[in-house]
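Mind docking these for me? Both chains are given alone in their own frames, and the hints should help you get the complex.
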Amino acid sequence: MSEQREESRIRRILIALNATERGGLGRTAAVRLATKLHVALHGLFIEDVDLLRASALPFAKEISLSGGTQRPLTFASMEQSLQAIGGQLRDELAELAREANIAWSFDVRRESLPRALIEAVESEVLVVIGPRDAALNLARASRSKPPSWKAGGPLIVLFDGKASSKRAVGAAIQIRRAVGGRIVVQVLADEPNKTGKLVAQATTLASSADTGPQAEVTGAKTIRDVLEITHRERASLVLVGADNALLSEHSLRLLIERIECPIGVVS
Amino acid sequence: MTTSPQSTDRLKPLSADQLTWRCDPAMFDFDTTANAPDIAEIVGQPTAEKAVNFGIEVRQAGYNIFVLGPPGIGKRTLVEQCVGKAAASGTVPPDWCYINNFESPRRPLAISVPSGRGAKLRNDVRTLIEDLAGAVPAALESEEHRARVQAAEHEAIEGYNQSVQAVADKALAQQVQLIRTPAGFALAPLRDGQILSPDEFEKLSAADKKQIEDKISTLQDELQAVIEKLPPLRKEARDKIKALHREAIALAIGHLLNQIKGRYADLPQVVKYFDAVQADILERVEEWQPAEEGGAPLQERRAFGDYEINLVVDHSNTNGAPVVSEDHPSYQNLIGRVEHQTEMGALLTNFMLIKAGALHRASGGYLVIDAQRLFQQPYAWEGLKRALIAHRIRIESMGEMLSLISTVSLDPEPIPLNVKVVLLGDRILYYLLFALDPDFPDLFKVNVDFEEDMQRTPENCRRFAQFVATLARREGHRPLNRSAIARLAEYSARLADDSEKLSTHMRSIADVLREADYAAGKLGAAVIDARDVQTAIDAQIERSDRIRKRGIEEIVRGTLLIGTSGTRVAQVNGLAAIDLANFRFGHPIRITATARLGRGEVTDIEREVKLGGALHSKGVLILSSFLAARYAKEQPLSLSASLVFEQSYGAVEGDSASLAELCALLSAIGELPMRQDLALTGSVNQFGEVQPIGAVNEKIEGFFDVCQARGLTGTQGVLIPSANVKNVMLRHDVVEAAVAGKFYVYAVETVDQAISLLSGLPGGEQDSTGKYTAGSFNERIEKRLHELTKLRAKFGVEAIDTKKAAALHE
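Taken in order, these protein sequences are the chains called A and B.
First residue of the first sequence? That's 1 in the working numbering, and the numbers climb one at a time after it.
First residue of the second sequence? That's 1 in the working numbering, and the numbers climb one at a time after it.
Misleading hints may appear alongside valid ones.
Stated by the list, open to error - Simulated restraints on C-beta separations: (1) B/317 - A/94: 51 to 61 Å; (2) B/155 - A/251: 16 to 26 Å; (3) A/108 - B/403: 51 to 61 Å; (4) B/146 - A/251: 25 to 35 Å; (5) B/342 - A/222: 25 to 35 Å; (6) A/222 - B/222: 18 to 28 Å; (7) A/94 - B/147: 29 to 39 Å.
What the hints contain is simulated information worked out from the structure, not anything from laboratory work.
Idealized CB from N, CA, C, for every residue including glycine.
This is chain B alone, in the form it adopts within the complex (with noise of 0.2 Å):
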């Protein structure tokens, strides 16, 4: 004997208490939230909490620390309580700066200094500069230096003068004149002091003119040979000169430097620093000259512009370690840019211009980050991964790698990196860069999963509630009285989609509480009551709420065709939901079915016109599978049958209606009449077994509010699987009806529960033969389908016998 379906006399409408969670004011300590103390934990998160301080404390590489959760869920808050505790005992890590490369200027160099120095070494250079600019022309422009100087250039350009005009003497008391050219100097010969013109020259005998010309090439080669050992001399000279510079701006500068390195004698880089300066300053004596009339003096010419200090980490009020949050995670905000200044049409840069990155300033420390922000910028994970692979970060411009301009640009030393990042963002971005990044595992070892809900005992009760209280007195709102933080605890509840349990959604308890807020404050209250939650509560419904009741005005006035009263063959009421953005409604769909003689299939019309998801086919499909299991074990199942959900235009995804389905289907096999003003919801199984579903809530108050906005018979009501009575969490009016007896919720576990509630007839037992009871709905069905394998016999032996007539007769 196979199993016997559950008998219906035995379902009873689900009571009060399964319909919801009552949370009793009693349980809360504290008359408000006021006297309640804070909490310092993150509710309900211990796992959570357990993984992050696992990342905080591991140092190793690749201990990265992902986030994954929902959004509001308190991930930030989590990781920001944890990190900011590790952080408070940490060591402030070093500052760090850039400095110019006098031998490469295109690869600035970094420095790190202990923390807090960098500010003061900048502020030293700064005033050292202020002195280089005043002492150095102070040196050159002194009237002893000057007559140094001078004196140099003097001899050099009379011993050349000398020279040459020794070859101008030698010329002229050959009656030959030395001329000075635009580019040089030429000889020509004279005549009673004057320069002898062509004609007078052409007049000349041949031999004096050979004489003249011999005598003038001689002079030319003498002073081609005295101007040969011009540029020697010229360099000599300027050497020299050059020399007389650095010794006076050596004498005028060497203190002052010899004063700072002495400051920073503990800091052999600065000191090298101060080195590369001095050395820089006296092998660049020409810039320093005093300025040309009209031109700006040295000290406005940022003439030592060079020898600053561009202080891009500075940690002088950093407490421990650093933690450093990106709202705006972009490749440049990361890893650090250089920037570049339009100068006369042209863009140009330089060390000063290098600014750092959130690594940058994190290194030593924390960096958090959301990574769907992260990667909505271009460029900014594969940065992020290069820098934490590299442990250093190395500051390249986009524009550069990407080739996008071609402007002079920067690359400075890349400066080492030591981070813990952290990664907040949703599970499913996780798991894709799991699958997909060969480098996130070896990245982001520690993952962090924020549980979504916690069991509703009476502990996490009162934590939740010094959440609230916490919560309430941070943000500066009014104290909650003990039942205002019940109702917050069962809308919690309500949230979890669980009635034994509470949502660890933090965002949405917050926002209730806030509006919770507003609303006792407009009515002048002191204390938010249970009252100002449900109107924050009821606020926010009716703010989603157009499109619900835009639906329930279309049944009631009998566009959408919803029965809420009477028997239907083939046709029973679905349920199904509606998530818009974040308001989640669920409404009744007719569902009908029809049945006729065929070969065992089933059409689902919605996966015929492509409507239908995978997951609603194959509900379709487990319902031919539990048809020709139950009723054609030892015969064809000779039905042809058809499904739909009427007045649906859109996608129909899940099996949540399978339930309902199968009922519509089994109707219209035995033409059986069903109940219009219960609804179903519920999956099944090719046993029959009913099984659970979501937005149970939203479902049961969809075909409640339509029966409602009708006028309750109080004969309507909700078949849900009983594996969701623990989800069920109902709207304080829905329990009220169900209380004084005007609307019910069943819970079935079969689908001959089901069926028996819908139609009225017991579902049967079969006997020692297979036979069903007579009388009930399964014995009907299987009558039926009997007929119709008969049916469908008879047709094959008549098509057979007029073949075989339509044969003999040809």
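So here's chain A without its partners, still in its complex pose (with noise of 0.2 Å):
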């Protein structure tokens, strides 16, 4: 059976934005592909309420990152923390995308972050997300700027077989053709046996790429497989289709968390 690659055209990038994504890779990687791809921007600023809710409880506390004081948290000035936060990610998003003579638009919405982005994926949208900003930040205390997202590095499309991991093969194609760099296919499969199916599968859609080298089709079973070989490569992408399982609540928080390059959701 020849597998045939779902015809899906990026014409819009979608950057999913969240008040503990503050390091700003997520923007940088929307706004150069959003150039590359010459296609409009949307910025859209979700407020957690999960957060919200969290800080509603009489004994919420944060505990800082800074010292790991610990002080009380009430939804007022979280809801106040949130929406400072918006309007500075707007701005910035703004300052980027007039730097790169990109449009753009900008948008907010009080939704459970997992929610709001599978909620965000539409046709012909990348949906991306940022990772968060490490607790334990080592990054330079003196950078001014965003720090910025290294086009050309591995393309990582994770597969399961389902149309919107095709397409996300599809879209990982077409951001090669824009910016360069390899595409890693990563089989998921939940049964061990369906796994050389779906490698099959990925090889060909692979090789049917008129875009170079050949794709590398891998194969892992879960989300910490995922971060290893994202790790391990130095993605600069990783690219899944919206149904995929691993876009669960809880799967999907892990990885926002823990991965340390920009994911693209395909739908």
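Written out as structure tokens, the structure reads:
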């Protein structure tokens, strides 16, 4: 059976922003992709309702990363803080877009982060979310600009055989054409006996790409495997289909928390 | 019997030989100066030359040289010649560089290297920097190094994440969710996988609420304990990464620095500097990280600029000791300065912006400065003194010194100073400095006083000719023939105001030479002739002559009243000189006197109206003393007289008209008619002796020009002091008129001789009773003064009688 790459063209980049991703890697990646793919950029700031709900509890406290001090949280202070961060991120995105000379828009939504991400996914839109700021930040304090997203690193596609992951392969090829880099297809099989089939499918999809070197196909089982391979390969972007099982709320939180590069979600 | 005044019968006008000195061209043993040898020495300044050489040879501190003399006399030429000769055999001093002080960047360090090696060191360091800028990023960007760094980072982050994750897992097991907040973490209870809302929490029983709060409180404490480990973990990770960077960089630059250190192994200061460079590079590892996207590459960031060498003194092209002539001796140009650059509106500086001053360049040699220019520059003298006293040059910004600017500046390490300073200036400046600046005598122990003239010996005339020949050759002029040289020598004597001397004011001679060359060129001549020299001299006069001509015109037209014929009582022609820039001329001035009964006072009208200077007033007071001493030894001087310079509207200074004033006064007392075809100049003392004055030539020529303009009568002439005869160097036309018997110059020694000439009466001699010879002018004056005394006495008796009558009447 011959596998067909699901044809899908990225026509818009949506950068999903939240209060715990301040480092800017996601933003610079989104701007760069929008520039290279000649598409519009939309910023979506997600005011995480879980965060707001937690802060409304009477005993809620925030344990600061700078020194570990505890301070009481309130709904009002958290809401105020989120609004301020949203405004700041909007300004930063505007500046980046202005410098790159691309069209942009911005929106704010109050929602659970994983849910907001899934809801944001629609046809021909690449939803980008940056990795969370590492708790142990080793970056230089003198940095005045957001860290640059380095294009040209491997594009890792998480492939589970579903239609959206096939479109993710198509998106990877489109991105590769625009910014370079090799494609690594990471096969995720929930059952061992399906692995071989998925590998075969992925190999066929990748080899049909007319984008130069053949894609590499590797196998993985868990989120931790994914994290390990993205670290090892120094991936520049991880692409995943919207209906991938990894995008369950818990897994997605873990992925965002621990991954070192931006994630792109394809419908 | 008193001294007999000299008889006028013996007074003869000066001969043509006495009126000028004619230089015999035959005394020169060349046809033109093309055949005359060059002269190396400065003509007429043997003492000055000796003093300069003394100052140069004494190397002790304080033996700096002040060369004093008027401008244009050849001070700089002599100094440059002597200093140049001494410098040629001197040793080349070391080069000096400023380098970054890595421990205290505001205090750059100074290092010296043997002359010529400074430039090489600078170039070697530039090459080193280029190599460093390539090697360091290459080392940091190598795959191997990046992998090691990422592994270290990953290890640190993973270790920490696992600690946090352990708390998160423990919390989850207790139905508590660990949530990231904008600034840290929070813990929230779960129900059915969702965070408990406040409403749901409120609905819980008190026991459940307490259980949740206790649970969360315990977890918060555990989390806090984990987070408190964050800063040391972060530091440990960074230190580890930094150590990796250092290791990579050390490996990459070690051989580069070892190579360059090997080349300068004989210079410990330089090797020490390279050690400091190496240590600094390893200390600043984070600055050498690869550029972020959009940032300039390391090579373009001047990231290694801190390791450059600022070569402030480069003697690679110096032969012998340096000789620096600073023609703009401002504070900064002498001491050096720290420049600033504007960056984003702020003034910034660094050790590369240190600029050397003349003292830096001259250290180990000689610095020649024009003193007047030095004193025109604010704080320049203070800066120079400070450096000479301290024997080191400390660059200090004037703005900072005066608190004019508050921007950050540098305090560079002072550089040792060993220099011989030669100041060139006027005499007055030297004397003022000596008197008013206590540091000056200690710092400038050698004074070189330039002679303004030299004896007109045949040998000096030949030296003068050689000087002109040398100058003509050096400046590319036509050669001069012997007659031109002779005419220049005569001009030199005239400049010296002395027929027995030659002027050493070489600039004036050089100017005439240049202009004579121009005149010869206009005529298409191949050789400069006496005619061309005269043309040049005449042209110089003509260019400055407007006011003199205007004065003569006004005399001829009768606006300025000057008599040149006939006789007048109480009126004589005095002579005055005017200095206008570089041109001096003389002109006659009418001096009149009045005499009447009085109490012996002589009023100087110029002084009364505050136009007379102190010296002029002194001259008039001497007249009073002379009158009293000669004619009123045993009787009151019952005279009231006044003197005035007619049609004089400006200040009058000097006593050179006191002879003329005395003659006018005696004429007024004795009612003696005075010849108006004669003019006179000279000062007198209390005994009636005539003393020399200045500008005698200009004064004679001034009266001659007036007489000539009206037509020479054959009786006109000028009386001058005998002591001035040697100074007489008159224009050729005046001499020619004298030779033709149309104009005379008389030299007088006493006032009696002058009065005799002016009045035609003999002075007369005193007999044993003290009476003057009958018919002499002295007899007439004495008699007149006696009459005035008697008249005064009579007035005195009548006044007493009147007072007595008034008393009786009362």
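Can you let me know if the beta-carbon spacing of residue 108 of chain A and residue 403 of chain B is within 51 to 61 Å? For residue 403 of chain B against residue 108 of chain A, whose Cβ atoms are near 54 Å apart, the range 51 to 61 Å holds.
For residue 222 of chain A and residue 222 of chain B, compare the CB-CB distance with the range 18 to 28 Å and indicate the outcome. holds (26 Å)
Residue 94 of chain A and residue 147 of chain B, beta-carbon distance inside 29 to 39 Å? Given a distance of about 37 Å, which is inside 29 to 39 Å, the answer is holds.
Consistency of beta-carbon spacing, residue 222 of chain A to residue 342 of chain B, with hint 25 to 35 Å: Violated: the Cβ-Cβ distance is about 59 Å, outside 25 to 35 Å.
Does the Cβ distance between residue 317 of chain B and residue 94 of chain A fall inside 51 to 61 Å? holds (59 Å)
Outcome of range test on Cβ distance (residue 146 of chain B, residue 251 of chain A; 25 to 35 Å): holds (30 Å)
Would you say the C-beta atoms of residue 155 of chain B and residue 251 of chain A sit inside 16 to 26 Å of each other? holds (24 Å)
Violated hint for the displayed structure: number 5, the only one.
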